[in-house]
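The primary structure of each chain is shown beneath.
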Amino acid sequence: MEILKFLWTIFYINLFTIGGGYVMIPLLQREVVHHYHWLSNKQFIDSIAIGQVTPGPLTIMNAFIGYKVFGVWGAIGAVVSTYLPSLIVVTIVSHYYLKFKNSWIVKAVFKGIRPAVIGLLAAVAITLGRASLADIPTSLIAAGGFAILVFTKVEPTFVILGAGVAGAILF
Amino acid sequence: MANTSVKNIFLVFLKIGAFAFGGVYSMLAFFERELVTKKKWLTHDEFAESVVMGQLTPGAPIVNTGLFIGYTLNKLKGALATVVGQVLPSFILVLIISYLYIKYQDIALLNAVLKGVGAAVVGLIASVVYNMSRKLLKEYKSIFIAIAAFLCLAVFKLNPIGLIVGAGVVGLLVFGGEQQNGNT
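Residue numbers (the numbering used here), protein chains in the order written: chain F, 1 to 171; chain D, 1001 to 1184.
Among the hints, a few may not be true.
Said to hold, decoys possible - With a Cα cut of at most 25 Å, we get these calculated DSS-like pairs of lysine-lysine:
1) D:K1103 with D:K1141
2) F:K101 with D:K1077
3) D:K1138 with F:K101
4) D:K1040 with F:K107
5) D:K1077 with F:K153
6) D:K1038 with D:K1135
7) D:K1040 with F:K99
8) D:K1103 with D:K1077
Unchecked claim - Over 10 Å on every C-beta distance to chain F, these chain D residues come out as not near it, computed from the model:
9) T1004
10) K1007
11) L1011
No lab work stands behind these hints: they were computed from the structure. Backbone N, C-alpha and C define an ideal beta-carbon position, used for all residues, glycine too.
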């Protein structure tokens, strides 16, 4: 059955790729567009855009692919196949992490990793900035968002919604 | 931070899942604001650990970060509550968009909205860096690791997973002795 092939494809891509949605895109494209011909290349690119406009993880785009090819059950199946591998692996990893987190080795390792996460996020901000801060309005939106979040108690929700409205008006 | 009810975990992640437009990094900013600053379910240390766990496990990192937080708060039930809450709003939205897409085949307005949101996400993630730096970078060794990590990624384009593993090794070498002697 075609839908089982689809669900298995989604499942194993999510089980074997580390690094997130953008790492999965080439694999997904190879299977969905070039191998099985479930979507055209334009439809595939639109599915990425849909994954980006919706809140939450990019991989929700799999639900769109499922819906497009197999209807509502395809969408539901795609969501389960996408997140089931994570649920299994993270549960196992968390279990052992919590068991050993107070050992000196784990403590020392994480004391090194935690500051690296800050460096990692700072590098992400730079990369994203290069891609999306194209002109003065976009730079002002970014600077405004930063100032609001650091100096006030306003929720990120309003910053994001406000920026979306500004985008619709300005661009 | 244990024993937070499944219902409370679900509701917070439902809220994050519904409003964290702008992708994975916007969602991290929401996690920090909701779970660390407002609810105080996690410390900044634990938040950094959950980010790492998300990066090192297969699948969508942000979902995995949520799963790890859920598991630490309330075992398997907590983990399930996070993934369902996080994914449900966007799933419903995707169904609606898919229906409209198949009918009209056009997403031009969405692209304009995306451009504004994309810019705000840069500010959002910068605010997380700022908050975490103030909490976690208290000694010069940590500051040095953070700067080195930033340079490895931004200038030398190192793979993030390689970076995390490398930072772990550095941590073991630099902090191993003091941790073994029981200092924290």
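Okay, the hints, checked on the actual structure:
1. D:K1103 with D:K1141: violated (57 Å)
2. F:K101 with D:K1077: holds (21 Å)
3. D:K1138 with F:K101: holds (21 Å)
4. D:K1040 with F:K107: holds (21 Å)
5. D:K1077 with F:K153: Judged against 25 Å, a Cα distance of about 31 Å means the pair is violated.
6. D:K1038 with D:K1135: Cα-Cα ~15 Å, so holds.
7. D:K1040 with F:K99: Roughly 22 Å between the alpha carbons, so the hint for D:K1040 and F:K99 holds.
8. D:K1103 with D:K1077: violated (39 Å)
9. T1004: With a cut-off of 10 Å, D:T1004 remains clear of chain F, as the shortest Cβ separation is near 15 Å.
10. K1007: holds (19 Å)
11. L1011: holds (15 Å)
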